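Visitor: Okay, so the sequence shown: first residue is 1 according to the working numbering, each after it adds one.
Think of the hints as simulated: they come from the structure by calculation, not from any bench.
Keep in mind the model is a prediction, meaning the values are calculated, not measured.
One or more of the hints may lead you astray.
Simulated restraints on C-beta separations [unchecked claim]:
#1 A273 <-> A327: 20 to 26 Å
#2 V58 <-> A37: 48 to 54 Å
#3 S56 <-> E155: 36 to 42 Å
#4 A48 <-> S309: 47 to 53 Å
#5 R116 <-> A267: 17 to 23 Å
#6 S123 <-> S269: 49 to 55 Å
#7 N94 <-> A267: 27 to 33 Å
#8 A343 <-> E146: 50 to 56 Å
#9 S309 <-> V122: 36 to 42 Å
#10 Q144 <-> E225: 16 to 22 Å
Here a beta-carbon is modelled for each residue, glycine too, at the ideal position from N, C-alpha and C.
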Amino acid sequence: MENIRRGQFEGIRAEIATNPARKPDFGDPRVHPTAGATAVGARKSLIAYNVFLGTSDVQIAKNIAKAIRFSSGGLRFVKGAGFLVRGMAQVSMNLTDFEQTPLHRVFEMVKREAARYGVAPVSSEIVGLIPKRALEAAAEWFLQVENFDSSLILENRLGTVMVGKAAVGGLRAGVESFVEQLAAPTATPGGGSASAASAAMAAALATMVASMSRGKKAYLQYERELSDTIARLAQLREEMKAAIDSDAESFNVVMKAYKQAKQSANADSVIDAALKQAISVPLGVAESGCEIAAIVEKLNPITNPNMKSDLATASALAHAAIEGAMANVEVNLESMKDAAFAADVRKRAAALRR
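Whole structure, please, built from the sequences with the hints as guidance.
Guide: What follows is the structure, encoded as structure tokens:
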């Protein structure tokens, strides 16, 4: 904090030095007159990850670190350096976005680079904490588990059940917060987020039906088709869950753009750039909703007929997602100045309605 405060005052001092007419103004928005300055930052979870090599030659670790870190042309979201630790060469790394550059990919890259020098990793270590999802992704990759989903992990499933039971009304605990946020007198979350949630639920229900039919004697002939369907639905479900937040964020970007446009010479381009993001999210939801609806239709004849009501619900949710998302697209298109972009979006939208 002291360094931040000192830096702010040094900035003002430098301005005074270059412009003697500039008087110290401690009402400057960068520095509070009594509290100084506060810096606030946010980032994704950082993983401090080290790999030990079967050699004491630290230069090999340095060479590998240079090959894999992003600043030297290596993997995105990876920072790295080489050190000698406990008599072994160590490739020390910080992974700043494990979802984009996962742990297992980094390890494999280190392993392959090490092989060029005739050495191999001996062990690795995590310094501090690591998100559970990072370990789940690594386990899925190394074990090559077919159609893996985090809900297959016993502890995850038990945790979900226990959270539901802990609340009045049981399963309502999982949706109560989101429903109440929808009911709140605020612009977000709104119809776009609700549409994405509907698509996610449609994919979830379809997954349940496919999973309960797969492996059963009566549906063995559809084993491969059901497995592929479950895998695709898992991807769609994750995308739609992410879109719940993305839609709300895109609306906030549009509101910010309208404020910035008042002070910009390129007001239309500033607003259009934000609107394009606000359009792309619900358009993606609508397209995914169409795919989910098509999958549900294909599942009808190859799954347990006793679960037709679940598929009917999934279909209704998917179509609700499509309608809601397209309504959001149309609203934003009305304010779009970029005629070529608007025409392309309307063309894609028309294809969805066929």
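Visitor: Of the hints given before, which are not true for this structure?
Guide: Of the numbered hints, 2, 5, 7, 8, 9 do not hold.
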